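> The chain contents come next:
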Amino acid sequence: MIKENYFNTICIVLLLSVPFLGLILDEPYYITLATKVVILAIAGAGLNLVLGYGGFVSFGHAAFFGIGGYVSGILASHALNYYPIIEWPFVIEGTTQMLIILPLAMLVSGGFALIIGMLCLRTSGVYFIMITLAFAQMVYYFAISWPAYGGEDGLSVYLRNNFPGLNTMNGISFFSICFVLLIIVLFINARIVNSNFGLALQSAKQNPERVAAVGIEPIKVQLIAFVISGAITGLAGALYTDLNRFVSPSVLSWHTSGEIMVFVILGGTARLFGPLVGAALFIILEQFLGGVTENWQFWLGFILIIVVLFAKGGIIGMIAKERHNG
Amino acid sequence: MSISLFLEQVLNGLQFGVMLFLMSAGLTLVFGVMGLINLAHGSLYMIGAFSAAAIASWTGSFWLGLIASLMAAAIAGVIVEIVIIRRLYKRDHLDQVLATFALILLFSEAMRWIFGAFPLFLDVPDILSGTLSLPLGIEYSKYRMMIIVVGILTAIGLFALISKTKLGVRIRAGESDREMIAALGVDISKLYTLVFALGAALAGLAGAMVGAIQSVEVGMGEPVLILAFVVIVIGGIGSIKGALVGAILVGLTDTMGRFLLPSFFKIFLSPSSATDIGSALASMMIYILMAAVLIWKPSGLFGNSAK
Amino acid sequence: MFALSAVIALPTFADGHKAKVGMITTLSGGGSGLGIDVRDGFLLALKGNNNIEVVIEDDQRKPDIAVQLADKMIQSEKVDILTGIIWSNLAMAVVPAAVNQGKIYLSPNAGPSALAGAGCHKNYFNVAWQNDNLHEAAGGYANSEGYTNSFIMAPNYPAGKDALTGYKRFYEGELAGEIYTKLGQKDYAAEIAQIRASGADSVFFFLPGGMGIGFMKQFAQSGIDLPVVGPAFSFDQGILQAVGAAALGVKNTSQWSKDLKNDANVKFVADFQAEYGRLPSLYASQGYDTANLLASALNSADINDLDAFRLALKKADFASTRGNFSFDTNNHPIQDIYVREVIKEGDVFTNKIVATGLKNRSNAYVDECKM
Chain Y
1 MIKENYFNTI CIVLLLSVPF LGLILDEPYY ITLATKVVIL AIAGAGLNLV
51 LGYGGFVSFG HAAFFGIGGY VSGILASHAL NYYPIIEWPF VIEGTTQMLI
101 ILPLAMLVSG GFALIIGMLC LRTSGVYFIM ITLAFAQMVY YFAISWPAYG
151 GEDGLSVYLR NNFPGLNTMN GISFFSICFV LLIIVLFINA RIVNSNFGLA
201 LQSAKQNPER VAAVGIEPIK VQLIAFVISG AITGLAGALY TDLNRFVSPS
251 VLSWHTSGEI MVFVILGGTA RLFGPLVGAA LFIILEQFLG GVTENWQFWL
301 GFILIIVVLF AKGGIIGMIA KERHNG
Chain D
1001 MSISLFLEQV LNGLQFGVML FLMSAGLTLV FGVMGLINLA HGSLYMIGAF
1051 SAAAIASWTG SFWLGLIASL MAAAIAGVIV EIVIIRRLYK RDHLDQVLAT
1101 FALILLFSEA MRWIFGAFPL FLDVPDILSG TLSLPLGIEY SKYRMMIIVV
1151 GILTAIGLFA LISKTKLGVR IRAGESDREM IAALGVDISK LYTLVFALGA
1201 ALAGLAGAMV GAIQSVEVGM GEPVLILAFV VIVIGGIGSI KGALVGAILV
1251 GLTDTMGRFL LPSFFKIFLS PSSATDIGSA LASMMIYILM AAVLIWKPSG
1301 LFGNSAK
Chain V
2001 MFALSAVIAL PTFADGHKAK VGMITTLSGG GSGLGIDVRD GFLLALKGNN
2051 NIEVVIEDDQ RKPDIAVQLA DKMIQSEKVD ILTGIIWSNL AMAVVPAAVN
2101 QGKIYLSPNA GPSALAGAGC HKNYFNVAWQ NDNLHEAAGG YANSEGYTNS
2151 FIMAPNYPAG KDALTGYKRF YEGELAGEIY TKLGQKDYAA EIAQIRASGA
2201 DSVFFFLPGG MGIGFMKQFA QSGIDLPVVG PAFSFDQGIL QAVGAAALGV
2251 KNTSQWSKDL KNDANVKFVA DFQAEYGRLP SLYASQGYDT ANLLASALNS
2301 ADINDLDAFR LALKKADFAS TRGNFSFDTN NHPIQDIYVR EVIKEGDVFT
2351 NKIVATGLKN RSNAYVDECK M
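Residue numbers (my numbering), protein chains in the order written: chain Y, 1 to 326; chain D, 1001 to 1307; chain V, 2001 to 2371.
Keep in mind that the hints were calculated from the coordinates and are not lab data.
Hints are supplied without guarantee of correctness; some may be wrong.
[Said to hold, decoys possible] Listed next, with one range per pair, are the computed distances between beta-carbon atoms:
(1) D:1153 / V:2173: 44 to 54 angstroms
(2) D:1061 / V:2344: 16 to 26 angstroms
(3) Y:100 / V:2047: 49 to 59 angstroms
(4) D:1260 / Y:81: 36 to 46 angstroms
(5) Y:23 / D:1113: 50 to 60 angstroms
(6) Y:81 / D:1153: 42 to 52 angstroms
(7) Y:107 / D:1159: 50 to 60 angstroms
(8) V:2359 / Y:23: 34 to 44 angstroms
(9) Y:312 / V:2100: 44 to 54 angstroms
(10) D:1134 / V:2267: 51 to 61 angstroms
(11) D:1134 / V:2259: 36 to 46 angstroms
[Claimed, not checked] No farther apart than 30 angstroms at their CA atoms in a straight line, the calculated lysine-lysine pairs in the DSS-like style are these:
(12) V:2344 / D:1142
(13) D:1142 / Y:321
(14) V:2018 / V:2314
Nothing here was measured: the structure is a model prediction, and the numbers come from that model.
Note that CB positions come from ideal geometry on N, CA and C, so glycine has one too.
When you get a sec, could you build the whole thing from the sequences and use the hints?
Given below as structure tokens:
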């Protein structure tokens, strides 16, 4: 067992080596894969806040991922097609500026998280799991039926959004933006978890009555965590649309929610780098196994089961010691 | 819109509800007694349908296929319980979700590996084909009638099992206090395996019966799984009564919603917008229902507040 | 702005009559039967052809995976040509970006109207049909059979809407009912009850995959004795065995049938059976034709000269399993669309042609395409 900080550093180094190799070997696909891992890690980091640290299992995070994705898609597509989103009472045009799109995506998905959280947090346990799923399904069916943005066909955005000073169509540039955002998100996660707020959140997971006795309403704490979590996952969704230059209702399906959960659990819940490790492992398995056999999903399921049964605490749980906070 | 159309739709909602009950009964028992979230329940439904299709093709008899589905699903349930599920009881819900999610991938691909990429053939037996003439001019499919009857019989059987037999007592005790019944000398692992196998068999039966009038293909269990979770959440975890009420409620809401909503909107919107909005709302209806029930009663209609 | 189109894609081989093809299709999960058929047909046509290298990847029916695979094919594998996508939503995700990067895309299946009309591109060729075509032929057939009060149904998603639009474009009678069902819905009891109550004289539906299997079985059980018409997607060779006797007598429209009596098709059906041990479906025939189209273009033109290559493709100088085949100005086929009936041959359910639905049919979006 090694110290968690040391392990985390190794993760960063390994992660950065992939696009580097991609650059040297002229394999742009490696860069795309690494970017995908980073974006999914951001989504997982958002979920980890409520799932790992907060202890409530949201099966509906695909809703935030998708909402963020659609915000990005809608804004960009209006801008590229030169027609405004609304003309009355005042004109709102689309935009392809990342610096506007990303915060807006976070705001909108955070806003949805607020509404959904207020309704869902009154329940707990498996009821909470199901009601979060219900809301995600509602958004999913809505997106399929809403014809204006392609419905099931989805929405294409030919170009990457603009970031001042960088050519985002370049794989490495786009990767760098995503990577920096991941680091920021993980940093924010770390600060939250180690703050008084984070303490209250984790205590609410263990013992809500104690927390209430101290004068803090557990629901308020959980709601704030849920909103932040939704915003972070929404950010990931917006970046994902940019990566693929495409968004469709499939990102809103419960399979996506399930996959994000898989990353978090696989890596290790309540571990800062858990989502990154989980996402990387999942993508690597998918790629590697997929190249070997058509029946790769069987082996993927098999490997995941082995990991769950024998690697409690996820991959990080196997390798790194628990970090002790004062 | 005629009365007979309306009533036929009510029957359809009932039949859908009954099928959901078969799926949910097992799920709610497993969760209530063992505290386990089992996402692979949908795979057991699929295994039932595939076994029925395979045996029915091989022997030419639908009924043999049906028996095969019960057995195959139960056996699959027993194997999965002993090898994997057993290790998950003490783990938290997250690990259970991950492991059973992985099982879905495994089973789906296994079915595809064994049976190929195209859907299988399974048909209704001749004596049940065609329709029954019911009062008020309703022509109702004999086979669907059978499904309703089987469902009601199963519900009665389960109620009797739970309330009148020793096994039922142990199950109810297990739902209240797991440690206590172990202390009282009940063989917990046998009990759990039995409950799991029972749930699996019910799911397999549902899969086989429904497979005959729908399609037998890989991934057929997942949509039903989601609905089954909606049902048990509405009804309250661990409650068979809740599962029945929840299932009927969901079945009726979905069927009547799909039928009434577009017609309702056609009153004041153009046909294509009415269809768009009506269909969209109809798809979302069940989830709106569940959210509404949970907001009103956070533990479901018949659940108790303790998890 | 569109710096992408300035990127010149250098072909992989020095010999301009050789090419590398990237096939992205659905090989796993539900719906994989179609991708497998397209792939098998495509590879059969290229058997023994050393000029074409094929790289095949599985898109798992997910648009984001398809996009990433397309990137991989273009950036890493450096393919000259892309093909394979089955589903319209995946095609919409992949095709516009690919053709704007200078790659030729040959569609063996998906034919969304967006890519036939305003979104058409000189690098995009559809070798199957435009999505509306088979439904249009059904509408035409309904007229010729004297149906005046049809009940029509499709799932509530773009392809479903295209289906009903296509039917209505040619059908001249009244509509007893028009329903959009939920995508993925398996139980049609509610809709069948409505059909019964509507007084319709015919039913038209588009419900691909498992949806159609469920509907046909339930409809057959319901005792409603109305003629049913639909596109081949619910009655293709792969799906028919799962529907069984419930489908007998149903009329379905298709641009291909195994009993088409031209040399290319006779050879194709025989070869396919010999190679794979099963009868081909229309998807397999589409894959086969796509490969032959490509091979014919490579024989006569140099892939390094994209303009000439495109012209060679447009000429469509190959022996199609459909007999007559040519491209209209928006790179979509002009072909006959037949009406087939589901029959049983020995132990196997299959189709036989009973009429010609539309002759030399192009598509409704030609004028919208500003190529």
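> Decide, hint by hint, whether the structure agrees.
Verification of the hints:
{"no.": "1", "hint": "D:1153 / V:2173: 44 to 54 angstroms", "in the structure": "holds (46 angstroms)"}
{"no.": "2", "hint": "D:1061 / V:2344: 16 to 26 angstroms", "in the structure": "holds (21 angstroms)"}
{"no.": "3", "hint": "Y:100 / V:2047: 49 to 59 angstroms", "in the structure": "holds (54 angstroms)"}
{"no.": "4", "hint": "D:1260 / Y:81: 36 to 46 angstroms", "in the structure": "holds (38 angstroms)"}
{"no.": "5", "hint": "Y:23 / D:1113: 50 to 60 angstroms", "in the structure": "violated (39 angstroms)"}
{"no.": "6", "hint": "Y:81 / D:1153: 42 to 52 angstroms", "in the structure": "violated (59 angstroms)"}
{"no.": "7", "hint": "Y:107 / D:1159: 50 to 60 angstroms", "in the structure": "holds (51 angstroms)"}
{"no.": "8", "hint": "V:2359 / Y:23: 34 to 44 angstroms", "in the structure": "violated (56 angstroms)"}
{"no.": "9", "hint": "Y:312 / V:2100: 44 to 54 angstroms", "in the structure": "holds (49 angstroms)"}
{"no.": "10", "hint": "D:1134 / V:2267: 51 to 61 angstroms", "in the structure": "holds (55 angstroms)"}
{"no.": "11", "hint": "D:1134 / V:2259: 36 to 46 angstroms", "in the structure": "holds (43 angstroms)"}
{"no.": "12", "hint": "V:2344 / D:1142", "in the structure": "holds (26 angstroms)"}
{"no.": "13", "hint": "D:1142 / Y:321", "in the structure": "violated (63 angstroms)"}
{"no.": "14", "hint": "V:2018 / V:2314", "in the structure": "holds (18 angstroms)"}
The structure fails hints 5, 6, 8, 13 (numbered hints given earlier, in ascending order).
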